Amino acid sequence: MSHEDVLNPKQMPHDPEKATLEGKNKFLAFWFFLGGETVLFASLFGTYLALNRSTSGENTPEHLFGLELVFIMTMLLLTSSLTSVYAMYHMKNNDFRKMQLWLGITVALGLAFLGFEIYEFVHYIHEYEFTFRSSAFGSAFYTLVGFHGGHVLFGLSWIVALMIRNSKRGLNLYNAPKFYIASLYWHFIDVVWVFIFTVVYLMGVV
Amino acid sequence: MSTAMSQNRGLGAAIWDYLTTVDHKKIAHLYLVAGGLFFLIGGLEAMLIRIQLMRPDNDFISAGLYNEMITMHGTTMIFLAAMPLIFALMNAVVPLQIGARDVAFPFLNSLGFWLFLFGGILLNVSWFTGGAPDAGWTNYAPLSTTSAGHGVDYYVMGLQISGAGTLIGGINFLVTIVNMRAPGMTYMRMPLFSWASFVTSALILFAFPALTVGLFLMMFDRMFGSVFFDTAAGGNAIIWEHLFWIFGHPEVYILILPLFGAFSDIFSTFSKKRLFGYSAMVFATVLIGFLGFMVWAHHMFTVGMGPIANSIFAVATMAIAVPTGIKIFNWMFTMWGGNIRMTSAMLWSVAFIPSFTIGGMTGVMLAAAAADYQYHDTYFVVGHFHYVIVGGVVFGLFASLHYWWPKMFGKVLNEKLGKLAFWPFFIGFHLTFFIQHFLGLMGMPRRYWVFLEGQGLETGNIISTAGAFLMAIGTIIFLVNVVYTSVKTEKVSGDPWDGRTLEWSIPSPPPHYNFVQTPLVRGLDPLWVEKSEGKKGMTPAEPLGDIHMPNASILPFMMSLGLFIAGFGFIYQVDDKGWLALVFIGMGITLGSMLIRSLKDDLGHHIHKADLEKDIEKGAGK
Amino acid sequence: MANHSNMTQQQDEFVKKQHKEEMKQQVISFALMILFTFIAFGMVILDIGSIFLIPTLLLLAVVQVLFQLYYFMHMKNKGHDMVAVMMYGGLGVAILTIITFTTIIWW
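Chains as they are written, first to last, in the UniProt record's numbering: chain A, 1 to 206; chain B, 1 to 622; chain C, 1 to 107.
Keep in mind that the hints are not guaranteed to be accurate.
Here are the simulated lysine-lysine pairs, DSS-like style, with alpha carbons at most 30 Å apart [stated by the list, open to error]:
#1 Lys76/C / Lys168/A
#2 Lys10/A / Lys17/C
#3 Lys272/B / Lys419/B
#4 Lys577/B / Lys491/B
#5 Lys24/A / Lys411/B
#6 Lys76/C / Lys24/A
#7 Lys25/B / Lys411/B
Worth flagging that the hints you see were computed from the coordinates, not collected in a lab.
All values reported here derive from a predicted model rather than from experimental measurement.
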């Protein structure tokens with residue numbers, strides 16, 4: 001049996017993402033990477049917490065942050081997390097078309113989130129002249145939230161690339177792990193956001 | 001495909017082979033050569049430092065150049081010499097010890113190497129472009145944020161790139177050890193070197209992200225106008241110190257743990273005894289790794305964190321002496337009553353015990369926070385960390401190279417030359433660094449360009465410099481040995497030391513696929529188990545069949561090259577925004593290569609049963 | 001042979017049912033996460049000036065994240081032991097880092 005046949009079995013196994021050794025390796029490595037990412041974001045959160053009172057002029061967290069926008073962004077990202085769960089549900093049932101559909105919805109929600117984030121940054125810079133360079137608080141805020149935004153952008157590009165690459169050939173044991181770890185990445189982005197909206201925004205205006 | 005290529009090939013093909021290789025054994029060669037070169041560069045820098053400090057008020061090199069020397073000596077030795085040499089050993093040995101055909105991610109393995117190499121080259125390019133980094137290897141703000149020129153920018157970009165490579169390597173070895181062990185190779189049957197590599201990789205995973213963030217903040221401050229470390233704008237310079245040491249202290253355990261593992265294997269092999277207290281050794285390794293994350297602030301006792309914080313970190317630091325002590329005693333008990341062979345590898349290992357213990361004792365002295373106010377930033381500290389890093393890591397590297405050289409290259413390093421290299425290095429090492437403790441207690445501060453006449457520091461410094469020359473002689477003899485061995489000695493069998501672990505059950509150097517048939521592991525020291533039952537080799541765990549192997553690829557090289565180019569763009573866009581073009585070109589190459597990697601399927605290739613049978617006839621089986 | 005395919009079909013249906021069951025749990029956890037988010041934002045907008053406000057906000061965030069990790073990312077399923085080791089390892093270092101940056105950096 002050639003490798004090609006091994007990756008395209010007549011009947012897909014129940015956990016296609018972990019059916020091959022490559023898949024198992026990818027699965028574990030990506031989780032470990034997320035363990036490292038936890039420390040990365042903790043360092044950024046720590047820096048933010050150390051500097052969030054080093055404001056200049058009027059531009060304090062209370063003055064800047066509007067909770068309406070943050071609430072909408074939170075709902076968008078939270079929902080996108082659920083839609084990617086649906087995508088993985090259909091992957092496990094070997095329903096490629098539905099998986100692509102749910103991934104598409106995930107991407108749309110993610111794009112909306114990113115759009116709001118860009119709007120927020122532009123708004124701060126133009127309305128308040130609150131920039132990366134204006135105070136230590138500014139540097140820490142844009143770095144923390146920007147790192148998260150960068151993760152969103154990377155996650156979106158990743159999922160879109162996977163969707164396009166595999167649109168014609170459907171699901172097999174070679175690409176199933178790729179879809180699965182991309183969805184893990186997406187969930188992790190949401191995990192980080194939960195702390196950002198709590199620590200940066202909610203605790204910022206309390 | 002690759003077997004056909006490896007037959008008649010010229011130099012160009014050989015270079016291309018190494019540029020694209022994903023074979024862990026060849027990547028080990030690459031790490032060894034690159035790490036070895038950086039070790040020589042770092043050593044040369046050390047010699048220049050010692051010549052400058054040979055006599056009072058010396059003007060051998062200028063003050064500015066001296067600062068660059070100490071910075072680059074530390075940075076090079078830690079990041080570009082010790083780390084890659086350890087990765088060379090891990091690559092060469094871990095897959096063989098656990099009975100795997102390759103690492104979990106051969107492609108990422110290659111990417112990790114090329115990132116490290118390009119990061120290292122970027123850092124050293126700074127010598128030729130107007131000055132190397134000069135803010136010390138710890139790069140404390142605000143010294144680093146206000147350092148003129150681009151030296152510190154090179155530090156930031158170079159370490160960022162090579163650090164990414166290290167993180168990738170760490171994750172790769174974690175997954176390899178979790179998923180790729182041969183049947184029967186349970187965790188508690190793994191050789192200590194594999195165990196130590198596992199713990200070290202976990203430390204890399206949790207420590208390097210802190211450095212990544214620190215370097216990003218430093219980069220933003222120096223190149224993009226943010227104010228993280230600028231107290232005038234509300235920033236805080238202590239953030240850098242914490243981030244650096246949250247990474248930096250685990251880093252020293254990242255360096256020493258794999259060599260603790262190697263010593264364990266060496267003591268056991270050359271004493272012809274099972275390692276004494278195997279499970280205690282595993283436990284101690286894990287415990288050192290765990291405690292390694294709770295002690296970083298002992299580098300910052302004099303910062304003013306307050307007595308409570310200082311006490312907590314002092315106690316945690318002293319606690320590390322306990323698992324380390326367990327190890328020291330277990331090594332001695334392993335030798336006790338053993339059938340000891342004093343080979344070069346064993347010589348380095350035996351010399352390691354007292355040398356490292358001295359470094360450990362001064363470590364406990366430094367851990368006493370109140371006393372540290374006296375020792376801080378003196379030569380006492382320099383003496384201490386060279387005792388653990390040279391007496392532990394460098395001795396360990398020499399021991400491991402002697403021990404595994406036959407496995408890597410199929411030839412035993414000359415024993416006479418090996419011992420001849422050992423003695424000047426060993427004596428020189430103690431001459432250089434022992435006296436430095438006393439220089440420090442006499443008040444000589446570290447990192448000073450000159451010392452004054454008539455303060456009683458002359459004798460100590462000249463002794464120290466003389467010792468450094470002896471170490472250089474030892475290193476040169478070792479290099480002569482490498483050259484001599486590669487031209488002279490005949491090939492050896494797969495098992496020159498009468499070994500105990502799996503790597504000695506296959507030919508030296510091993511075939512491309514390591515194991516013709518995956519071995520069945522039946523206990524600790526699996527090869528010894530078989531030997532003691534009168535068998536010649538391992539029992540296979542599978543029938544002879546096709547072997548699936550990964551394909552070679554140039555993409556890791558291209559990805560790293562892209563980041564290297566982008567690095568220059570980031571550094572020089574401060575002067576002229578036109579340099580941003582390099583950022584776009586470089587990142588384009590990197591992201592483009594990543595996209596190709598993502599879109600193009602890489603299914604690997606098979607080595608067929610018929611070819612394997614041919615290899616067995618030539619002796620690949622045993 | 002026929003018997004065999006019959007078996008796999010049964011097995012298949014069983015697994016699909018399991019997936020459906022799991023999906024139900026995930027939808028419930030999603031509903032709870034939305035609810036927690038509402039509570040968190042509500043408490044801040046309604047300006048509840050209590051010393052328990054910030055601890056409560058953090059607690060809600062932690063619970064949300066646990067839902068995310070254990071249900072959405074399947075950490076509750078078997079085969080995630082090593083995953084848990086490394087995630088909690090990272091979390092340990094993360095907590096130490098945050099404590100440090102809120103206590104011993106001079107202010």
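* Given the hint that Lys272/B pairs with Lys419/B, test it: the Cα-Cα distance must not exceed 30 Å. => 21 Å, holds
* With a cut-off of 30 Å on the C-alpha distance, tell me whether Lys10/A and Lys17/C pass. => The hint holds at about 21 Å.
* **Satisfaction of hint between Lys411/B and Lys24/A, Cα-Cα up to 30 Å** => The given pair, whose Cα atoms are some 37 Å apart, is violated under the 30 Å limit.
* **Given hint Lys168/A paired with Lys76/C - CA-CA distance at most 30 Å** => The given pair, whose Cα atoms are some 34 Å apart, is violated under the 30 Å limit.
* Holds or violated: Lys76/C with Lys24/A, Cα cutoff 30 Å? -> With Cα atoms ~17 Å apart, Lys76/C and Lys24/A stay inside 30 Å; holds.
* Within a Cα-Cα threshold of 30 Å, do Lys577/B and Lys491/B meet the stated pairing? -> With a Cα-Cα distance of about 57 Å, the restraint between Lys577/B and Lys491/B is violated, given a limit of 30 Å.
* Given the hinted pair Lys25/B and Lys411/B, is their alpha-carbon gap at most 30 Å? -> 15 Å, holds
Figure legend: structure checked against the earlier numbered hints; hints not met, in rising order: 1, 4 and 5.
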